[in-house]
Each structure stands twice: as structure tokens, then as C-alpha cells.
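**Q** Let's have the full structure, built from the sequences with the hints guiding it.
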Amino acid sequence: MERVLEPSASVGPVARFRALGRWWRMLIGLVAGAVLTLGHAPVDLPWGFFLAVPIMVWLVAAAETWRQAAWAGWSVAFGYFVTGLHWLGHAFLVDAEKFALLMPLGVAGLPAFLGLFWALAFALAWRFWPRGGVAQVPALAAWLMLAELARGHVLTGFPWALPAYAWTETPLLQAASWAGPYGLSLIVLLLAGWPLVAMAARRWAVAGATLAVFAALWAWGMARVPEAPQNLEGQPLIRIVQPNAPQHMKWDPQHAPVFYRRLLAHSAEPAESVSGRPDLILWPEMAVTFPVADYPEAAAQIAEAAAGAPVILGSFHPERSGPETEWLNALVTVIPDGTIGPRYDKHHLVPFGEYMPMKEVMSAIGLQQLAQHGGLSAGTGPAALSVAGLPRFAATVCYEMIFPHQIIGPGPRPDWILTITNDAWFGGFAGPQQHLAQAKFRAVEQGLPVARAANTGISTILDSYGRMQAQLSLHRDGYLDQRLPPAGPKTIYSFSGNFPALLACGLLIFVTIRNNSRRNAFDNCDAR
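Take the sequence shown: its position 219, counted from the start at 1, is 219 in the working numbering, and no numbers get skipped.
Honestly, the hints are just simulated from the structure, not real lab data.
The calculated DMTMM-like cross-link candidates involving lysine to aspartate or glutamate, where the alpha carbons are at most 20 Å apart (straight line), are:
#: 1; residue 1: Lys250; residue 2: Asp477
#: 2; residue 1: Lys250; residue 2: Asp95
#: 3; residue 1: Lys250; residue 2: Glu97
#: 4; residue 1: Lys490; residue 2: Asp415
#: 5; residue 1: Lys98; residue 2: Asp252
If you anchor each label on the Cβ, the simulated ranges turn out as follows:
#: 6; residue 1: Gln301; residue 2: Gly353; range: 25 to 35 Å
#: 7; residue 1: Trp24; residue 2: Gly89; range: 26 to 36 Å
#: 8; residue 1: Gly132; residue 2: Ala19; range: 20 to 30 Å
#: 9; residue 1: His255; residue 2: Arg277; range: 24 to 34 Å
#: 10; residue 1: Asn231; residue 2: Phe113; range: 42 to 52 Å
#: 11; residue 1: Ala223; residue 2: Leu502; range: 22 to 32 Å
#: 12; residue 1: Arg16; residue 2: Glu169; range: 29 to 39 Å
Even for Gly, the Cβ is constructed at its ideal location relative to N, Cα and C.
**A** What follows is the structure, given as C-alpha cells:
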């Protein structure tokens, strides 16, 4: 199927892109994807969206077949994900002797697979492509956001590096309180795509109106965040302990006791505040290398160091049913008497890291190293816990924080979100900072503060506006004492979820297809 060229396609950016040929257009797509990545942590320069998104629109318009459009979409996505997810390679180097040869699967294979979602979006956008540049921006943005929604759910989902996350360090973050990450992604694609496309089409009013909307949204975000400090009187004092255990040393029998003693020592430190001892001590994911529930003497030691405060930590937990033992990645509470209190079991496990999908297939194609890796069982689902003396909290473990629809479980609204993580797998550059950016989104989406304990950093406490109240930076051990900010009002997103974003995409696509059908009908009449 080929598109009949419109008169406008013979001039302007579309004509120039078509004249370059398919391979040059794919190269430009790769560069445009890399420019999108610059918006994400740690660079945090999202202004390239105003150039990259129009280029994406012109790439679709320049395609002469749906296959060319699909290849253009794949090239943009590959450039985006291979640069934005480069930190995945670090996980393969933790045990380099066994997994280094498989690094291309993570560094290039996963971006290539994720690119298929964008390829499909570009192809569908091409199929129902409207005339006129300003109408083409929402056509592509809507299909792309449907692809991103699919990426966040298909095969357990991987919604990392959503376009909205590039704007975390700007006032646009506050729009997540009603739009969520997918709705805000749609908004930023529209607002970044329209100005240049409209100016190229000499639609100056559209360009000016778009920039005015962008400025208004920016101003609203600034106004939403209160300037006055929040009243923390009566709020629980939380101590977060960061042991800084490098992943390649964490499980080494010679080094594991060093990190364990470090955790105990920081927990026992006198409070820096005149407010007294902490009300809660928080250790990171897999803080100890043994199942703390099976070691009562260790639990008693932890309770003694905490001096009356409960300790929440990450640990393996054995679930025994007859002769079989299932192992869970658990968030465990050690209460002041040294016994085990409420526990939460991670329910959304990391594929190829904590469990192995399609083990038989992996072995059959010669990837025995992967097939032998990961053997954890999943918990039952999102849940909130109650620990004596503390407000009720939603519990999450590491990877679960990237799934906005799985943070809050059934039941009454919790007062805060607690997350423990081990970002040592992600290296020391982009990975941990991108993971933290998503925690900021979860805080704003739900209107709830977040306490985050990370093994190698960044450990922090966020208020309900996503602002860091205190932090322990990457690759240092220590602790921080900080009162938990209060919960904010219930947000629109907290009860609407992703439905409005899905509805908006559906409406835009419906209008595009309807107008496209009418255009074809008029064209057929003219031909007769």
C-alpha cells in the first residue's frame, strides 16, 4: 500500500526527509531517539522533545509505505531505548564470567524488542494519516501512547522511560496528580510536537496557542507546590540506613558480615535530632543475606540495635508447604521484642532476574546460563501494612515502583508509600537516578509521601509533591533521620488511574480515522 502524495508533501520538511532516502531517515530516527533520552535523568534536558517529536511526525509523513513508517518508528525507539537503558549492561557484569557474553541481549536485544511497539504505532499512524501537519501530531501521539500502554502491560510489562519521565525535574511533574504518567506523556508529545510542525505549515496561531498552553501548565505546576514548609509536628521520625554494599561483594562470605555490622552500627547511632530516637528504622532490599525469620538470634540483635524502634528490612523468606520450600523476596518487620511482625512479599518479579519465563525454551536455544538463574516465587499482590505506632503504608519492593497501577492495593487509602530497593544492579549513573524519578512520579500521582531505602543509593524521603526532604547520595554508607511529611489530598489519578489517558488516545484515534474516511470518500468522488 502506498500513499498518494499531497501537494504539501512536495515542499517543506517532509519533502526534504523523503529526498534523503530510507536509510538516512532511519539514521535521523536513531538520533531523534537519543535526543529524547537527554530529557531523562541524569541529564534532565527535556527541551530536545521540541525538535525530536516534530522529526518523528515528519518521518511518518515522508514514508511511502507502512513498512517504511514502521522502520522509522523502530529506529526512533531503538535510539531512545538503547541510550536510555544502557545501564542494563551493568547487571551482566556483576557476575561477568557467567553472564558477560549475554550482555547484548539486554543492551541491544531489549531495545530492539521494545522498538516493535513503536514500529506498530508508526505504521498505524501512517495508515490513518491525516492531511495537514497540525492534525498529524495528535494522530502519532495517540497511537504512540497506546503502544506505551501496551509496553507497560504486555508480558508483565516494562514501563521504564515513559516520555513523561523526561519532565520529572520540571513543574510539569505536578500534572501527574491528575494525568498520571501515560496521560502526561500524551500531553508532552502534543505540546512538544505542535509548535515546530505548526510553524512549518505556517499555522502561527496553533504554534502560539500550544506554547501558551505549555506555559500555563508550567505555571500551574509551580503554583501547586506550596512555598511554606510543611508542618511535621507529630509526624513519625524515620531513619533510613544505607549500607553501600556493591553487588559483586554483597553475597561474598568475607564481605557480607561487614555490611551487616554496618547496618547494625548505623541503626544504633544516637539521633541527630533533639526529637529523640527514630520511630522506625528502614533497611534496603535484601539487606541481609540470610532469611531473618529463620534466625531469631539475628532478629534479636537487630532489635537491640534499633533500641525500641521497629526495623523494616528486605530479606529472603521461606514459605514451607510440605516437603517443598518456596522462596520469596520479602519486606520483613522486626518488632522491638525481636520477633517477626508484618511481612509483605514482592508480587511483581523481575523476568530473567528473579524468575525465568520459558525456561525450557531458553535451554533449548542454548541460553542455559539464563535458564538456571532466578527461582523466586511471587507474592499475592499489592498490599498495605500496619505496624504498631506508625501510619498505615503501601509496601513495594524495588522493581514494583515502576508500575503506577500496582502501588496501592485494595482497602483504605494508606498514609504513605514505603519502598526498599537494591539499585546496585543498575550501576552508578543513569539507572538509579531514573528509578528515583519514577518514585517521584508515584508520590505525586497518589498524593502520598515516599520513604525509599536503597542499598547503594539514592535513599530519600519524598513529600507528596515529589520533593526530596533529605537524601543519601550514591555510593556512600550512612543514615538519615527525617520526619515523614503528611499525606496530601487524594488526587484525581488515585481513583481514575490510566482510564482517562486511554480514553483520550481512543478519542483522538477515532477522530483521525473518521476524518481519514471522509477524506477518502471525497477523494473518490473527485476521481469520478
